[in-house]
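Line by line, the protein sequences are chains G and A. The numbering of the first sequence is full-length UniProt numbering, which starts it at 1 and goes up by one. The numbering of the second sequence is full-length UniProt numbering, which starts it at 1 and goes up by one.
Keep in mind that the hints were calculated from the coordinates and are not lab data. Beta carbons are placed, not taken as given, at the ideal position from N, Cα and C, and that holds for glycine. Some hints here could point you the wrong way.
[Stated by the list, open to error] Among the chain G residues that face chain A by a calculated CB cut under 8 Å, a handful are:
1. Glu223
2. Tyr225
3. Ala231
4. Lys232
5. Arg246
[Claimed, not checked] List of simulated lysine to any residue pairs, SDA-like, C-alpha gap at most 25 Å:
6. G/Lys7 <-> A/Ser119
7. G/Lys95 <-> G/Thr20
8. G/Lys95 <-> G/Thr177
9. G/Lys7 <-> A/Ser159
10. G/Lys7 <-> G/Arg325
11. G/Lys7 <-> A/Asp287
12. G/Lys27 <-> G/Leu304
13. G/Lys95 <-> G/Pro134
14. G/Lys95 <-> G/Leu307
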Amino acid sequence: MRYLRRKLVFYLIAVWAAVTLNFLIPKLMKGNPVDAILAKTQNMTPMSADARHALEVQFGVTHDPIWKQYLQYLGNLAHGRLGLSVSYYPAPVSKVIEQSLPWTVALVGTATILAVLIGVGLGMLAGWRRGTWPDALIPSTTFLAAIPYFWLALVLLYLFGGLLHWLPLNSGYDVDTTAIGFNGPFIGSALYHGILPALSIVVASIAGWMLGMRNMMVSTMAEDYVVTAEAKGLRPARVMLQYAARNAVLPSVAGFAISLGFVVSGSIATEIVFSYPGVGTTLVAAVSNADYPLMQGLFLVIALSVLGANFIVDLLYAVIDPRTRQAA
Amino acid sequence: MSSGGGGAAPVLSVRDIAVDYAGPRTVHAVRGVSFDLGRSEVLGIAGESGCGKSTLAYAIARLLRPPARMTAGSVVFHDTDGTAIDVTALSGEALRTFRWRRVAMVFQGAMNALNPVLSVRAQLGDVLRAHLPDLTRREREDRCRELLDLVGIEARWMSGYPHELSGGMRQRVMIAMAMALRPDVVILDEPTTALDVVVQREILEEIDRLRSVFGFAVIFITHDLSLLLEISDRLIIMYGGLIVEQGRATEIQAGAHHPYTLGMLGSIPTLRGDRRVLHGIPGTPPDLADPPSGCPFTPRCRYAFGACGAAVPPLLDVGTLTACAQYDPALRPDGPDDALGSASASVPAGSAADSPVEPAS
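Model the full assembly from the supplied sequences, consistent with the hints where possible.
What follows is the structure in structure tokens.
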């Protein structure tokens with residue numbers, strides 16, 4: 001419990017820091033959303049002061065002292081108000097994020113978890129019985145991981161989407177025949193469209209997990225407690241899982257925490273190659289349109305989800321490694 | 001510690017065990033070792049690092065992993081009802097159920113033999129679950145408590161994790177675990193090396209007490225010859241993967257014969273008796289990837305003569321079983337070198353019995 005409280009305090013401070021930085025950084029930049037939107041509409045005629053003021057109110061540009069702005073920002077944040085998007089004007093930023101976030105979380109989240117489970121599982125088997133078939137997989141998976149990701153994704157897309165026509169070429173679901181919602185055809189279509197991008201992520205990242213786990217497994221197997229477990233006459237499956245793998249997996253769990261952080265920021269390359277309607281695509285759109293409110297909102301969401309994911313893994317770590325419960 | 005003896009009713013017969021470590025240069029770590037372990041006997045195996053004593057223990061317990069491989073020999077376990085089990089031929093489920101129930105082991109590293117992420121309860125329970133699957137959860141819990149009680153650890157430590165225990169407590173937990181199935185043989189591989197002398201003493205007394213209660217035989221492996229002289233019934237001295245001398249501890253203490261054993265005894269300090277100069281053994285252990293054709297101790301032996309390098313000498317009964325060409329009447333009709341003969345007779349009396357506390361038995 002003390003461990004939990006300490007972690008909680010730490011993460012609350014981290015969240016506050018993230019939120020504050022998210023407020024401060026745009027303030028340090030020149031210009032404001034109103035200038036950006038005026039530049040975007042390429043309005044040749046000078047705008048009347050009243051019209052400009054209307055836009056300023058809409059985008060929350062004020063000339064209040066900074067502390068007052070900060071308090072307003074916090075208040076807005078508490079109500080989920082992140083401002084209006086410039087590139088998707090007049091849609092609010094929260095709405096844009098709400099539409100793109102589930103796609104990314106579902107796709108990259110599932111793919112990451114699959115890659116970790118498969119990679120760690122195969123790595124465990126490869127380390128447990130060195131020289132058997134999982135061990136033989138390592139060179140080929142390492143080869144796949146060494147290929148630049150965007151190129152690998154393009155090859156997969158060309159092969160399965162272009163040549164074989166087994167899988168769709170783009171988008172997150174079939175826009176023409178299905179409507180977003182909790183219905184069979186949509187979910188089926190979304191799954192069907194997700195296979196290829198998910199596959200590309202799994203294929204590209206599996207080697208790292210596998211190699212890391214295999215090597216940890218090999219060194220853990222030399223530990224006295226694994227030999228003892230064997231001498232105790234335990235079943236091989238129990239020795240492998242509870243004695244060897246349980247200890248060997250600890251570094252992988254830490255690595256998992258880091259990669260979970262990348263889930264929400266989205267594999268930008270994946271979403272661009274597969275024209276996937278997720279956070280990555282939205283972020284690229286926001287950057288290319290100088291859509292600062294949207295970027296700010298996205299960064300906040302990304303920062304918070306990285307912290308959230310790490311918090312969950314910290315808790316998980318305490319469950320699987322009793323030593324951290326006190327050391328922290 | 002004294003009871004039983006070798007020979008009469010062995011519980012374990014080891015014959016001609018040879019173990020190689022494969023590699024670019026194959027290392028012949030154990031090169032044909034045979035002995036019998038009597039029921040309830042304490043057999044000490046001593047030797048310096050790299051002499052093959054731990055490898056031998058692993059081979060007996062069938063725990064060798066590649067690149068180590070047993071290339072020859074057999075280990076036969078004799079049950080009380082007379083049935084013999086060929087341990088070297090066991091595999092799969094038969095080997096799994098044999099382990100720990102017949103031969104339990106306490107390992108070198110008191111610190112690392114317990115899994116850091118499982119509680120003491122889980123690790124004790126694992127043994128019971130694997131071998132006595134019919135026990136209920138309740139019964140298992142009670143058995144674990146009894147086992148810890150046996151080695152003087154409070155039941156509240158059941159929920160503890162290894163990092164919360166001291167080194168001595170961890171080794172006690174390991175001993176409790178070794179007792180879980182009332183094995184016939186317990187192999188102790190340097191069980192006290194990582195502990196300070198006071199804790200070491202407590203652990204030894206604990207083992208001795210349990211042995212007098214349960215009557216298991218012990219193979220005690222250590223480089224500490226003085227310790228072995230005190231606690232074991234019989235002693236085996238290993239050098240270069242071979243047994244160089246074997247005999248009752250009292251005999252070896254009273255009159256060791258092999259120059260290597262004499263060298264080891266000469267390096268033990270005493271608390272009482274005359275002040276004397278301690279001698280080390282000059283030189284380094286042999287390279288077992290390319291073992292000498294004769295006695296492995298030849299290059300370091302001050303009594304070596306021409307025949308020593310020719311062939312590995314057999315174990316001859318000269319009071320103790322000694323593998324030394326000096327005692328071979330065919331090679332030396334006039335008997336061993338005078339210096340060696342007198343050295344053998346004048347081993348400082350009580351050199352090891354000077355240990356601070358007498359064991360409980």
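Taking the hints in turn, this is what the structure says about them:
Hint on G/Glu223 holds. Least Cβ distance to chain A is approximately 6 Å, under the 8 Å limit. A hinted interface residue such as G/Tyr225 counts as satisfied when its beta carbon comes closer than 8 Å to some beta carbon of chain A; here the least separation is about 4 Å, so the hint holds. Checking G/Ala231 against chain A: minimum C-beta separation of about 5 Å stays under 8 Å; hint holds. A distance limit of 8 Å between C-beta atoms decides the matter here; for G/Lys232 the minimum to chain A is near 5 Å, and the interface restraint holds.
Using the Cβ-Cβ criterion of 8 Å, the hint placing G/Arg246 at the interface with chain A is satisfied: the shortest such distance is roughly 5 Å. For the hint linking G/Lys7 to A/Ser119, the alpha-carbon distance of about 24 Å falls within 25 Å, and the restraint holds. Distance hint between G/Lys95 and G/Thr20 is fulfilled; the C-alpha atoms sit about 22 Å from each other, no more than 25 Å. Only pairs whose Cα atoms come within 25 Å are accepted, and G/Lys95 paired with G/Thr177 is accepted, the gap being roughly 24 Å.
Taking the CA atoms of G/Lys7 and A/Ser159, the gap is about 24 Å. The hint holds against a cut of 25 Å. Note on G/Lys7 and G/Arg325: the hinted pairing holds, with a Cα-Cα distance of about 11 Å set against a maximum of 25 Å. Restraint check for G/Lys7 and A/Asp287: not satisfied, since their Cα atoms lie roughly 54 Å apart, outside the 25 Å limit. For the hint linking G/Lys27 to G/Leu304, the alpha-carbon distance of about 20 Å falls within 25 Å, and the restraint holds.
The straight-line distance between the Cα atoms of G/Lys95 and G/Pro134 is roughly 45 Å, outside the 25 Å bound, and the hint therefore fails. Between G/Lys95 and G/Leu307 the CA atoms are separated by roughly 22 Å; this keeps the pair inside 25 Å, and the hint holds.
Checked against the numbered hints given earlier, the structure breaks hints 11, 13 and satisfies all the rest.
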